[in-house]
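Number of protein chains: 2
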Amino acid sequence: MIKLAIDAMGGDFAPKEIVKGVNIALKQFSDLELVLFGDENEIKKYLEANDRVKIVHAESKLDMGEKDPVRAIRTNKELSIVKAFKSVADGECSGAVTAGPTQGVIVASHLIIRRIKGMKRVALCPELPMFAGKKRLLLDVGANTEIKSLHMLQQAQFASIYASKVLGVEKPLVGLLNIGTEPGKGRELDLEVYELLTQDPNINFYGNVEPKELLTTECDILITDGFSGNLVMKTMEGTAKALGMALKEEISKTLGGKIGYLFMKKNLANFKNRLNPNEIGGAVIFGVDGVVVKAHGSSNAYAFSQAIKQARLAVKGDIINKMKENLVLDNE
Amino acid sequence: MIKLAIDAMGGDFAPKEIVKGVNIALKQFSDLELVLFGDENEIKKYLEANDRVKIVHAESKLDMGEKDPVRAIRTNKELSIVKAFKSVADGECSGAVTAGPTQGVIVASHLIIRRIKGMKRVALCPELPMFAGKKRLLLDVGANTEIKSLHMLQQAQFASIYASKVLGVEKPLVGLLNIGTEPGKGRELDLEVYELLTQDPNINFYGNVEPKELLTTECDILITDGFSGNLVMKTMEGTAKALGMALKEEISKTLGGKIGYLFMKKNLANFKNRLNPNEIGGAVIFGVDGVVVKAHGSSNAYAFSQAIKQARLAVKGDIINKMKENLVLDNE
Chain A
1 MIKLAIDAMG GDFAPKEIVK GVNIALKQFS DLELVLFGDE NEIKKYLEAN DRVKIVHAES
61 KLDMGEKDPV RAIRTNKELS IVKAFKSVAD GECSGAVTAG PTQGVIVASH LIIRRIKGMK
121 RVALCPELPM FAGKKRLLLD VGANTEIKSL HMLQQAQFAS IYASKVLGVE KPLVGLLNIG
181 TEPGKGRELD LEVYELLTQD PNINFYGNVE PKELLTTECD ILITDGFSGN LVMKTMEGTA
241 KALGMALKEE ISKTLGGKIG YLFMKKNLAN FKNRLNPNEI GGAVIFGVDG VVVKAHGSSN
301 AYAFSQAIKQ ARLAVKGDII NKMKENLVLD NE
Chain B
1 MIKLAIDAMG GDFAPKEIVK GVNIALKQFS DLELVLFGDE NEIKKYLEAN DRVKIVHAES
61 KLDMGEKDPV RAIRTNKELS IVKAFKSVAD GECSGAVTAG PTQGVIVASH LIIRRIKGMK
121 RVALCPELPM FAGKKRLLLD VGANTEIKSL HMLQQAQFAS IYASKVLGVE KPLVGLLNIG
181 TEPGKGRELD LEVYELLTQD PNINFYGNVE PKELLTTECD ILITDGFSGN LVMKTMEGTA
241 KALGMALKEE ISKTLGGKIG YLFMKKNLAN FKNRLNPNEI GGAVIFGVDG VVVKAHGSSN
301 AYAFSQAIKQ ARLAVKGDII NKMKENLVLD NE
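Protein chains in written order, with our numbering: chain A, 1 to 332; chain B, 1 to 332.
No lab work stands behind these hints, which were simulated from the structure alone. Treat the hints with care, since some could be wrong.
In this list, chains with the same sequence are indistinguishable; a pair is considered to hold if it fits within one copy or across any two.
In the BS3-like style, the derived pairs of lysine-lysine whose C-alpha atoms are separated by at most 30 Å in a straight line are [said to hold, decoys possible]: (1) Lys185 x Lys120; (2) Lys185 x Lys77; (3) Lys212 x Lys185; (4) Lys248 x Lys324; (5) Lys77 x Lys54.
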């Protein structure tokens, strides 16, 4: 059995969509056992009876707009996310899934589950939307603003293990996001990371990748520091938003456009869906001593069930122990 | 009269499209005097007679794929770009326009026209495609990988002067590209730049802008370091490319899509055009002691004439002298 902790109160549509996602996942996977943390009465409204699920009541929840998650998590032991993550720290559950606010999830991972010994940084790693037949991992987007090359190497190792176990890619190809494709491009940091990635026998290193290939590269994993990755992620989002608006604008400008729209309404809906967060997997926190999947804040039941599926595969693939065996230690 | 040096041999379609762009610009602006540098015989094939244009022969040209532009520019005085930029350095022309390779243009600006005294870094600043009724400047995208906060302040000052004189924006609003909107977000560098931008009375500072607002923000200028800006620019490009492919894919999947396409062919072409480099202005080199506009390598005649128009406005607006008056000096 794979036992996961579910933060039933995190996310814009919690607990309803979260609990419905739990119902879906339980039906889909018979090896899954789930513990839901949150408001027992609220959860019961939506939870379908199943002997592989139980509820642990939690008095309060981390607000999606919480300005000071560090304080909230440190001082309030009754938060559903705190209780859920504590069950992972205690070894009662093997992983946790939450749709709570990103910074709160990172902070709670740090403070409650804690880093794997020897890993100096925690990274937030989303799956990019599928393009050209491939889902790609981008990391770090969690905004580690100061980072060392060795930490980026560790993250690349983690991502390689994750991609092989969860995405089922045999020898995941790792690219270093950079401003040019030639070796020697980039900052001091990038040059060092390039060297480390080249030397690591466990990493299938492709070389530098410019973000104009972000969604078309043959790489499975794109690695950069947390500041750059966060900018790249948000630029992708911003460009997609602006282009969506522009497409709508151009179509509605003429009668032909409006008629054409009626014919291809479904096609355009599918196009829009290509970037729908509900169709894209959650982000994984790399570097803490337990599996943590952060589903999108706006997750519906289906999206949350997908995040549970991700966590299940990560636990099944034993990624945390595999990472520990692989770990290159810092000499600091 | 505004006298500009034109590198007639730079760009994928040089000299033909460059010279045709010159023809357009000369017709459009009666205060324009142009000196074309390049292969005299080739240029003559396309150049329309005009007493405000002359040709200075140059034996060779900087290859679009030149791997070592520094060496090429240092050793070959017969390159059209070298001769064109030299005429700016000598004060014979007030600005230069080229569609040559980006790194070559930056190197030539540095080595031949040279930096404005007191400006420590040169920045490459493109106009972003117009969205939500606005053209925005993004800088630096030229990949200054190591930069100090004061240099970014200088670039913001330069961009403010440029936006007011060339884009005609009265008090251009400057945003700092960052991973969060709250003050205090980002790296040490960003915190320092935030402070400097806040204090500068000549800068209309908006605060932090996340790149998910890149094409919709009310800011006229978005500033970041050269590494980040280059990644952001290329991510925009990559996302647009992938979305374009996805749209095509989805439309061609069904008969309805194909019929709809016939009705909105023109609308979709216009949509595609929104990101067409020929519709977007060239990039300007900020920080050298003369106006330099770098048109897209793939410029057609119209695009190149637009780049000439940009250079004309920059010279007319006296942006170099305005920048010199404004310059905050480094105490190094």
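Hints, one by one, checked against the model:
1. In this assembly of identical chains, Lys185 and Lys120 lie within 30 Å of each other by CA distance both inside one copy and across copies; the values are 26 Å within and 21 Å between.
2. In this assembly of identical chains, the alpha carbons of Lys185 and Lys77 lie at most 30 Å apart only when taken from different copies (28 Å versus 47 Å within one copy).
3. Both within a single protomer and between protomers do Lys212 and Lys185 lie at most 30 Å apart by alpha-carbon distance, with minima of 15 Å and 26 Å respectively.
4. When the C-alpha separation of Lys248 and Lys324 is checked against a cutoff of 30 Å, the pair qualifies neither within a copy, at 49 Å, nor between copies, at 44 Å.
5. For the homomeric pair Lys77 and Lys54, the shortest alpha-carbon distance inside one copy (20 Å) is at most 30 Å, but the shortest distance between copies (79 Å) is not.
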